[in-house]
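S.K.: Assemble the dimeric complex from its two separately framed chains, guided by the hints.
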Amino acid sequence: MMHASREDRERDDALVDRARDGDVAALDALIRRHYELAYRVALSLVRDPDMAADVVQDAFVKAARGLDGYRGESPFPGWLATIVKNEGRTALRSAGRRRESALDDVAPVAASGWSPADRAVTRDEARRVRRHVDRLPEKQRLAVELRIDQGLSFREVGEMIGSSEGSARVNYHHGITKLRSWMMEEPA
Amino acid sequence: MRCADVNDRLPDVAVGAIPVEIRHEVERHLRGCAACSDTWATVQALSATRPTVPTDLESRIRRAVHAEVAAPEASVLTLDTRRPAGRSRSMRPPAWMLAAAALLVLAVGTPLMVDRMPQAPGTAEAAELAMAERTLTPSVWASDDGLIAGSPALDGLSDAALLALLEELEAGA
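Residue numbers (my numbering), protein chains in the order written: chain F, 1 to 188; chain A, 1001 to 1173.
Pulled out of the complex, with its shape left as it was, chain A reads as follows (with noise of 0.2 angstroms):
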C-alpha cells in the first residue's frame, strides 16, 4: 500500500469505519514508514477532538423555520394597489395636476432616484441564493486555495495531473 492511499484512509482507521483486512494492511505500513506514523498521530489527535453539534441545535432551526414559513408575508413586501378606504373619486386633484406632478417627479427626481434607489426586497437573497447554485461550479469559487502564489490551481488540474502532484506530494513529504 503507498502512502497516498494509506493516508486517504486514517481518517476512517481513526473512527474504526474500515474493513479489517484494510486496516491490517495500514498497521503494517505504519510499522515501516515514519511520515505516515506522524500523520496517523495528527489524524487521531484530530479525530478525538470532534466538536459536538449541540444538542438542542436540530430544534433551534426547526423552530426558526416553522417560524417562517407560517409568515411568509412578513419578509415579503408587497405593492399595495388598492385605494384606501374612504377615499372618494371627488377627492383626487384634476388630472392635469397629476400629470405636471408626474413630469415634476421625472425630471428632477429620476438621476437621484437612479444611484438610490433600494433592490426590490427579496433580490439581493435571490441573487445570493443564485449564486449558491453557481458556485457550486469549481470556477466561481471566491475564496483561495491557499496555495503559495504561483502554485497551479488545483480546480483547474486534470485527475492525472492531481495523482502527479499528490505523488509529488508524499515524496517530498
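In isolation and in its complexed conformation, chain F is listed as follows (with noise of 0.2 angstroms):
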C-alpha cells in the first residue's frame, strides 16, 4: 500500500536525487517502494497479468533513464504512474487489442474484513465482477481498482490518475455503481 505522506514523498525525493547520482542501492529502494502500485496501475490498463509485468519493468526502465525529468512538482508515484500508463497505452497498441482479461490468473483470497450477515463471496460473482470491471471507462477502473486493490485513499488515486480528490471519488462512485448494476442485472 502507498503512504503518500510527507515523509513518503521527502523519502522518495531523497531517493531520487541520490539515483541521479548512481546510487543503485537508492534506485533499488525506488523500485521496492512502489514496484506493486506500479504494476496495479499496469493491470487494470492492459488486463493482462504477463503484459503488466512487462510494461512495470519497461517503464522502471525508463524512469531510471530519465529521472532529470521528475521535477519533484508532483509525487514520484504519480510520475511513475503516468509513465506506466503511457508505455500501458504503447503495448495495447503494439499488441492490437485489449486482451481479456486473464481470471484464472487472479488469485481469489479470502476478504478479510467483517462480512454482515456472514455473506460469503462465491467464486462466481467475483468472476463476473472482475469481467465487468474490463467494461468500466479507463479511468472509472483505475479508481475503483486502485481504491479497492491497493487500499489508496481518494487523494492518492487522483494523484495516480491524474485528476483531484474530488474526480478520483466521483470516478469511483460511478464505477462501483456500474457494477453494482451489471452484477444485479445478470444474478448469479
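Hint data in this document are derived by calculation from the structure and do not stem from the laboratory. Model, not experiment: these values are computed from the prediction. All the given hints hold, so there is nothing to weed out.
Only pairs whose alpha carbons sit at most 20 angstroms apart, straight line, appear in this in silico SDA-like list of lysine to any residue:
#1 178(F) / 138(F)
#2 178(F) / 1165(A)
#3 178(F) / 1163(A)
#4 178(F) / 1003(A)
#5 178(F) / 1050(A)
#6 178(F) / 1166(A)
#7 178(F) / 1033(A)
#8 178(F) / 1169(A)
#9 178(F) / 125(F)
Pair by pair, the computed Cβ-Cβ distance ranges are:
#10 1069(A) / 5(F): 26 to 36 angstroms
#11 89(F) / 1024(A): 37 to 47 angstroms
#12 18(F) / 1028(A): 46 to 56 angstroms
Here a beta-carbon is modelled for each residue, glycine too, at the ideal position from N, C-alpha and C.
M.R.: Here is the structure:
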C-alpha cells in the first residue's frame, strides 16, 4: 500500500536525488517502494498479467533513464504512474487489441474484513465482477481498482489518475455504481 | 452516517482497515439500506479477488534497471568528432572540393531531409517523460472520464460541485 505522506514524499525525493548521482541502492529502494502499485496500474490498463509485468519493467527502465525529468512538482508515484500508463497504452497499441482479463491468474483470496450476515462471496460472483470491471472506462476502472486492490485514499487515487481528490471520488462512485448495477442485472 | 460516507469506507471495511466504532456505524447503516448493501456485495467480491503481484517481479525489474544503468551509453548515441585513426591530412580532398560538395548537399538535400530527418536519439523519450510531468495536472489528461457526452468534466468542477454531484448520484442510486 502506498502512503503518500509528506515523509514518504521527502523520502522518495531523496532517493531520486541519490539515484541521479548513480546510487544503485537508491534505485533499488524506489523499485521496492513502488513496483506493486505500478503493477496494479499497469494491470488495470492492459488487463493481462504478463503484459502488465512487461509494461512495469519497461516503465522502470524508462524512469531510471529519465530521472532528470522528474522535477518533484508532484509525488514520485504519480510521475511513475504516468510513465506506466504511457507504456501500457503503447503496449496495447502494439498488441492491437485489448486482451480479455486472465481471470485464472487472479488468485482469489478470502476477504479479511467483516461481512454482514456472514455473506460469502462465491467464486462465480468474483469472476463476474472482475469481468464487469473490464467494461468500465479507464479512469473509473483505475479509480475502483486502485481504491480497492491497492487501498489508496481518494487523494492518492487522484494523483495516480491525474485528477483531483474529488474527481477521483466521483470516478470511483460512478464505477462502483455501474458494477453494482451490472451485477444485479445478471444474477448468479 | 450518509450513504456517500458509507460507500467511501467500504473498501477499508473489506480489508479490516477501519476503526471498530466506524465499522459498527457502517454495519448499522448497511442493515437498513438495500442500495449500500448491494454496493457492499460488489466491493466484497472485488476485494476477494485482488490480483496478486508476481513474486519475481521486483527482482526482474531490478535486473533490467541495473543492466540499463550499467550501460547507459548503449542507449545514447553520441557524435564522434575524432578523426579516424590512420587518416593523414594529406589524404583529405582540397578545400574547394569540400565547399562545393557542401553547397550541393545543402541545395539538394535540405528540403528532403527536413521531412525525413529522424529525431535525435532520446528526444522522443525525453518528450514522453516531460509529458509525464505535465499530465499530472488534470487539464491535460488525455483520456476520457468515461462520462456520457454532455456531462460536466469532473476536473473542472469545484469541490462543492463535486459534492453536489455525489449527492445527486446517491439520490439516484
